[in-house]
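Those protein sequence lines, which keep their order, are chains S and R. The opening residue of the first sequence carries number 1 in the numbering used here; numbering runs sequentially from there. The opening residue of the second sequence carries number 1 in the numbering used here; numbering runs sequentially from there.
These are computed hints drawn from the structure, not numbers from a lab. Treat each hint with caution, since some may be false.
Stated by the list, open to error - Chain S residues, not near chain R, derived (Cβ > 12 Å throughout):
id, residue
1, Ala74
2, Glu228
3, Asp253
Claimed, not checked - Short, incomplete list of chain R residues facing chain S, as computed with Cβ under 8 Å:
id, residue
4, Thr86
5, Arg87
6, Asn88
7, Ser94
8, Leu97
9, Phe98
10, Gly179
11, Ile181
12, Asn197
13, Gly199
14, Glu200
In this text, a Cβ means the ideal position worked out from N, Cα and C, and glycines have one as well.
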Amino acid sequence: MNYRKAAGNIFLKVVVSMTVLGAGFLFSGQPVPAAEGSETILMATTTSTDNTGLLDYLMPSFTARTGIDIRWVATGTGKALKLGENCDVDVLLVHAPASEKSFIGRGFGVGRRKIMYNDFVIIGPASDPAAIKGKRVFEALQAIASSDNFFVSRGDNSGTNKKERTLWRLADIQLPEQESWYRQSGQGMLTTINIAAELKGYTLTDRGTYIKYESAAALVPDLVVLVEGEPVLLNQYSVIPVNPRHCPEIKYDMARVLSDWLAGDEAQSMIREFKLLGKQLFIPNAGQE
Amino acid sequence: MEFIQEGFSQAYALLISRDPATYSAVIATLRASGLAMAASLLLGIPFGYVLGYFNFPLKKQIRIIVDTLLSLPTVFIGLVIYALLTRNGPFGGSGLLFTITGIAIGQAVLSLPIIISLTATAVEAADHNLRTTLMSLGANRRQIAASTLWEVRLGIIAAAVTATGRVLTEVGISLMVGGNIKWHTRTITTAIALETNKGEFGMGIALGLVLLLIALAVNVSLAGLRRRI
Chain S
1 MNYRKAAGNI FLKVVVSMTV LGAGFLFSGQ PVPAAEGSET ILMATTTSTD NTGLLDYLMP
61 SFTARTGIDI RWVATGTGKA LKLGENCDVD VLLVHAPASE KSFIGRGFGV GRRKIMYNDF
121 VIIGPASDPA AIKGKRVFEA LQAIASSDNF FVSRGDNSGT NKKERTLWRL ADIQLPEQES
181 WYRQSGQGML TTINIAAELK GYTLTDRGTY IKYESAAALV PDLVVLVEGE PVLLNQYSVI
241 PVNPRHCPEI KYDMARVLSD WLAGDEAQSM IREFKLLGKQ LFIPNAGQE
Chain R
1 MEFIQEGFSQ AYALLISRDP ATYSAVIATL RASGLAMAAS LLLGIPFGYV LGYFNFPLKK
61 QIRIIVDTLL SLPTVFIGLV IYALLTRNGP FGGSGLLFTI TGIAIGQAVL SLPIIISLTA
121 TAVEAADHNL RTTLMSLGAN RRQIAASTLW EVRLGIIAAA VTATGRVLTE VGISLMVGGN
181 IKWHTRTITT AIALETNKGE FGMGIALGLV LLLIALAVNV SLAGLRRRI
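Input sequences plus hints: build the corresponding full structure.
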């Protein structure tokens, strides 16, 4: 009799203490900045704006100026657009103009605005085995395709990946998905650069992430910029509030405040001053056609 | 290679300086895992006990399903929970997407089959003579059931340890359901993924070490519990 009772009691204690342990974790939190309940908007953006540190640098000023707390999910442009379509975020900051236009055309977004740009570059080993240095983009891609050197693609439907596919098409080469020299990483830009470095291959990257790679590689990068500086390599970032007619519950007004602020003088000059290794990462161009 | 060394010194620096971003990620990790473990233990222990103790039709089939669910990929759980919690999904109105509670729901789904399966196994493996002995001592059915539960307590703690390890270290659910939002849903594991993507390998190693320290603390307290009972 007593045995059963004692057993039941102690076991109960175990379960209760485990639960208390769990609950203790729950409420042990020290308060984090930006308390719940203040006005908050959610933005979906691309890995390049986040990984370079631009948003951590920019957004505290936005919150200070407007009192709006902003949170962001950094992901590929493909998924960012999907989060907007599903009404999970209030605003997007992305870089895939063709997909953005179709996003707006289908009624998911409204009032797209250019904010800034940087450019894409083709990088590869300093020894440049496919001899693409200084060539025009399309010739360079043809040279890579007819050599036996690796090309590492994001393969993840990101803005950079979409740009790369467009470049193959414009170079009149069918997307070499089946080729053994064409590798799809399915990962973020910096990981993809590192994979290309391991394979001594080529890849297409935005310049901001390349500068970040250069700094992480302590200025002795395995991969160097080989092709750059053509209009077709322009990488335009735009802000798009999600369409309130498609998603009635999203915070459209605050998304507009963010859009106005990003296109305004304060943010534009902050973007101009944002540097890594003394190099400017993004060139503000709000209001330009 | 030197980034591994760098990781050790950075881990030390993060803890000593009480780096706020790291502490926020530690707390997000503990809140999500703690909530997930509390829910899955409360649901899983009774279910696993019933599955191991009683004989009923379809018992074997249910057991096979539970054991199969041990192989649920975390990214897949993340995707399914996202589909349920997205604004246009069936529970879109709950506002749980990109929250700690959302992550905890996914992690509870991850943990539940482990608790159920290991509890059931422990109950099945309990000494078969126990029941006969207790019966000969004149115990009734309720007393026998309670005593069996007591006898398998160490097995249940082992289940909790295993599930905690899985929940603390998963990254797929936290990334997909939590969104890796700084100061809010960034856990240690999603922070490691982010730092790796940023090429900050040393920082990634440092955060990995911090996570191991948390696991050590959890297991030391569970070991204390095991000694006392």
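Here's how the hints hold up against the structure:
no.	hint	in the structure
1	Ala74	7 Å, violated
2	Glu228	21 Å, holds
3	Asp253	18 Å, holds
4	Thr86	5 Å, holds
5	Arg87	4 Å, holds
6	Asn88	5 Å, holds
7	Ser94	12 Å, violated
8	Leu97	6 Å, holds
9	Phe98	7 Å, holds
10	Gly179	4 Å, holds
11	Ile181	5 Å, holds
12	Asn197	4 Å, holds
13	Gly199	4 Å, holds
14	Glu200	7 Å, holds
Against the hints set out earlier in the document, violations occur for numbers 1, 7.
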